[in-house]
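Undergrad: Residue numbers (the working numbering), protein chains in the order written: chain W, 1 to 294; chain F, 1 to 294; chain V, 1 to 294.
Errors might be hidden in some of the hints.
Identical chains share a label here; the pair holds if one copy fits it or two copies do between them.
Calculated lysine-lysine pairs in the DSSO-like style (CA-CA distance at most 30 Å, straight line) [what the hints assert, rightly or not]:
| no. | residue 1 | residue 2 |
| --- | --- | --- |
| 1 | Lys5 | Lys230 |
| 2 | Lys5 | Lys118 |
| 3 | Lys2 | Lys205 |
| 4 | Lys77 | Lys36 |
| 5 | Lys277 | Lys77 |
Worth flagging that the hints you see were computed from the coordinates, not collected in a lab.
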Amino acid sequence: MKLTKYVDLIYDDQHLHPINKDHCSCRLPSNREIKKIISLTKELIFPGYFGKYITKETGSKGQTKRQIQILYKTLSKQIAYGLLYITDGKGVEENKKQADIYTKLYLEAIPLLRETLKTDLEAHFTGDPAAYNHDQIIVSYPGFYAIGIYRMAHVLYEMNIPLLPRMMTEFAHRETGIDINPGATIGQYFMIDHGTGVVIGETAKIGNHVKIYQGVTLGALTTKGGQNLKNVQRHPTIGDNVTIYAGASILGGNTSIGNNVTIGSNAFITESISDNKRVTEKSTETKNQLMYHI
Amino acid sequence: MKLTKYVDLIYDDQHLHPINKDHCSCRLPSNREIKKIISLTKELIFPGYFGKYITKETGSKGQTKRQIQILYKTLSKQIAYGLLYITDGKGVEENKKQADIYTKLYLEAIPLLRETLKTDLEAHFTGDPAAYNHDQIIVSYPGFYAIGIYRMAHVLYEMNIPLLPRMMTEFAHRETGIDINPGATIGQYFMIDHGTGVVIGETAKIGNHVKIYQGVTLGALTTKGGQNLKNVQRHPTIGDNVTIYAGASILGGNTSIGNNVTIGSNAFITESISDNKRVTEKSTETKNQLMYHI
Amino acid sequence: MKLTKYVDLIYDDQHLHPINKDHCSCRLPSNREIKKIISLTKELIFPGYFGKYITKETGSKGQTKRQIQILYKTLSKQIAYGLLYITDGKGVEENKKQADIYTKLYLEAIPLLRETLKTDLEAHFTGDPAAYNHDQIIVSYPGFYAIGIYRMAHVLYEMNIPLLPRMMTEFAHRETGIDINPGATIGQYFMIDHGTGVVIGETAKIGNHVKIYQGVTLGALTTKGGQNLKNVQRHPTIGDNVTIYAGASILGGNTSIGNNVTIGSNAFITESISDNKRVTEKSTETKNQLMYHI
Numbered sequence: 001m002k003l004t005k006y007v008d009l010i011y012d013d014q015h016l017h018p019i020n021k022d023h024c025s026c027r028l029p030s031n032r033e034i035k036k037i038i039s040l041t042k043e044l045i046f047p048g049y050f051g052k053y054i055t056k057e058t059g060s061k062g063q064t065k066r067q068i069q070i071l072y073k074t075l076s077k078q079i080a081y082g083l084l085y086i087t088d089g090k091g092v093e094e095n096k097k098q099a100d101i102y103t104k105l106y107l108e109a110i111p112l113l114r115e116t117l118k119t120d121l122e123a124h125f126t127g128d129p130a131a132y133n134h135d136q137i138i139v140s141y142p143g144f145y146a147i148g149i150y151r152m153a154h155v156l157y158e159m160n161i162p163l164l165p166r167m168m169t170e171f172a173h174r175e176t177g178i179d180i181n182p183g184a185t186i187g188q189y190f191m192i193d194h195g196t197g198v199v200i201g202e203t204a205k206i207g208n209h210v211k212i213y214q215g216v217t218l219g220a221l222t223t224k225g226g227q228n229l230k231n232v233q234r235h236p237t238i239g240d241n242v243t244i245y246a247g248a249s250i251l252g253g254n255t256s257i258g259n260n261v262t263i264g265s266n267a268f269i270t271e272s273i274s275d276n277k278r279v280t281e282k283s284t285e286t287k288n289q290l291m292y293h294i
Numbered sequence: 001m002k003l004t005k006y007v008d009l010i011y012d013d014q015h016l017h018p019i020n021k022d023h024c025s026c027r028l029p030s031n032r033e034i035k036k037i038i039s040l041t042k043e044l045i046f047p048g049y050f051g052k053y054i055t056k057e058t059g060s061k062g063q064t065k066r067q068i069q070i071l072y073k074t075l076s077k078q079i080a081y082g083l084l085y086i087t088d089g090k091g092v093e094e095n096k097k098q099a100d101i102y103t104k105l106y107l108e109a110i111p112l113l114r115e116t117l118k119t120d121l122e123a124h125f126t127g128d129p130a131a132y133n134h135d136q137i138i139v140s141y142p143g144f145y146a147i148g149i150y151r152m153a154h155v156l157y158e159m160n161i162p163l164l165p166r167m168m169t170e171f172a173h174r175e176t177g178i179d180i181n182p183g184a185t186i187g188q189y190f191m192i193d194h195g196t197g198v199v200i201g202e203t204a205k206i207g208n209h210v211k212i213y214q215g216v217t218l219g220a221l222t223t224k225g226g227q228n229l230k231n232v233q234r235h236p237t238i239g240d241n242v243t244i245y246a247g248a249s250i251l252g253g254n255t256s257i258g259n260n261v262t263i264g265s266n267a268f269i270t271e272s273i274s275d276n277k278r279v280t281e282k283s284t285e286t287k288n289q290l291m292y293h294i
Numbered sequence: 001m002k003l004t005k006y007v008d009l010i011y012d013d014q015h016l017h018p019i020n021k022d023h024c025s026c027r028l029p030s031n032r033e034i035k036k037i038i039s040l041t042k043e044l045i046f047p048g049y050f051g052k053y054i055t056k057e058t059g060s061k062g063q064t065k066r067q068i069q070i071l072y073k074t075l076s077k078q079i080a081y082g083l084l085y086i087t088d089g090k091g092v093e094e095n096k097k098q099a100d101i102y103t104k105l106y107l108e109a110i111p112l113l114r115e116t117l118k119t120d121l122e123a124h125f126t127g128d129p130a131a132y133n134h135d136q137i138i139v140s141y142p143g144f145y146a147i148g149i150y151r152m153a154h155v156l157y158e159m160n161i162p163l164l165p166r167m168m169t170e171f172a173h174r175e176t177g178i179d180i181n182p183g184a185t186i187g188q189y190f191m192i193d194h195g196t197g198v199v200i201g202e203t204a205k206i207g208n209h210v211k212i213y214q215g216v217t218l219g220a221l222t223t224k225g226g227q228n229l230k231n232v233q234r235h236p237t238i239g240d241n242v243t244i245y246a247g248a249s250i251l252g253g254n255t256s257i258g259n260n261v262t263i264g265s266n267a268f269i270t271e272s273i274s275d276n277k278r279v280t281e282k283s284t285e286t287k288n289q290l291m292y293h294i
């Protein structure tokens, strides 16, 4: 099949109208490697749950070692690629050294990740009558899965590594429909039930023992400022012991939800709520006061 | 690369702070095998649609046999792993015998699954002006796909097999954004259009000829009782010939929706609705009575 | 393991109650091949971003040629399978010739796709304070990803090729939770933020510089007419410079949104809105006028 005409057309267009990369080193972080980093971290946090081989409660030391070696190699390479955005594609060797430091900090953070995720696991079990046991939550609950990936990504976000943290949470978003920006600050015992459609913005702050349902947005009131708003708090602050039911939207960087607050389904909140309040949308039948026969 | 320090740190943490499995046999059901079970069941229900090889309308008997053999082997092993949660990790041989019985009951249920899914297929075709033909629905409609997996999982849920049914519907949830708990009871001619964000709870009951759209929740009014609510009806009952438009929430185990009811987009329902009613949210422009110029 | 009883049961059922394919050629378009078509088109549009090998800014001509050859072969075969629905399973050779013409038209459209997607890329960058740079959007933003696949699919939709366009957008739907029907007409500089739960119907028309958020529905007011409504405009028309915030529903083929309009979160719109208006839902606390202590 002669396709010369189309090869010329497309190749010329690629040259005449390039999509300019943000640096010219031609080394981009890869979604496939990101997935590997997530899998390996999960296996280290939950030994014996996800690996290819059936293992004892805590794995063998040899296995843990091999997992850490592969994780180190994969993650440090991806971090080095990410750092090229800061150094404008230059300093490959220098970036490798820096990536080595960051990767080791990530490994050091794993025991803390395990500790925090155990509180989230407990919150998912006690908060859901449909949960059969803890193992079920670990192997199949999307909320717990997305929170785990967010917590890994947040460690890298705190180190200011470009692209990687968001690529990790977007992987979780694809798998679960839960979109937690890696910049968000989230306390312990966090639970997301069902989760599809949840959006938690970059500058949101969430306390301990918070439970949110599918379709909840912790978002910005407006993003008209675009890139100028980059370092402003644009998303709400949520206190401790707060429950937010399905489809509620809480918007704005000045919106603060107190402790022990319950926000009902589909509520639309743009002002602060003080401690111990309950905010509920009126049901449709009450609001309309009448219903129509067909 | 010397990583001894990190291997020690993480391995010690795995031992000092284990995440205790719910039984100690080290045999967990696997998401990869669950996916295989779903694929094989789909190929048996829709011969010639999904297999690797192009096949005649109904496949050859040899092919059907091979598919059943692999399905039997895969499913009985996973069921046996699931049963370990009931027997606290003991009785591996006894569980294998029990798993054999359950697997055969599952195989026997396949003709009934086919019959029911044909009614769902018809509902998707007649209910959607955008549907080109039936084949398009089978190969690409997420609602039909999620309903198929729910119906398979429900067969195993009825046998009280731990973990597997939910792992199956969570696979569908990941693929489609549609979260149907395998415990729900759903009649024939069921249709879900678009589907992202749909949540149908464990104790929901749905009649025949029901059509629901994206973002609909059939949920619990409160789950504050947590694990104590395990066997209580927490989710609504929906009659026959009911249509529920996008984003509506119907909550509570005492909430019952009659036959021939239409629930409008974004409605928020917490009380029962009698037969033949139409419940609609007022549109935003009517409710606000005025609009603001920028 | 003797499974003869179950093989007979299921095989007989497959024959006695066949699920009739819409044509009898036993050649169906395949989701796996659809995925390959999307990947190859993406690599041609964004050279060096997604390929297996690290490449220069615009790739080598040899690489572009190989990508085009594989794309040609894969796509023309799938189009030929799709055309069998028009020719009722007959005319395989004739369909191959027709598929060749369509595939070449698709290749010719790639430079235009690149040009349009560059406007969408710009809209995503300027519209999102959380965007680090353009590369991040290309490799990880779900809205940009789904729009790209929609634009590819729309090219094939315009050629009236059965099944393939919808299979492409349903692939995007599975990955992102964003469901754009390939029939929709969408202008330049289009942005979808977060995106989970977005539904854009087959006959929707969208202008330039439109920005929509997660959970927005541009849907039909009713689909009770089913297949009879196939060629009627059932979905709204949106002007230029319109922003639609999270969870808003705009329904109906006669509903037209003017230029420079802002639609607030969770708004429910079923009537036309004139230019320069801002329509917002009252916040829950204002609407209820009081809040209850627990």
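Undergrad: So, against the hints stated earlier in the document, which numbers end up violated here?
TA: Per hint list: 1, 3 and 5 violated.
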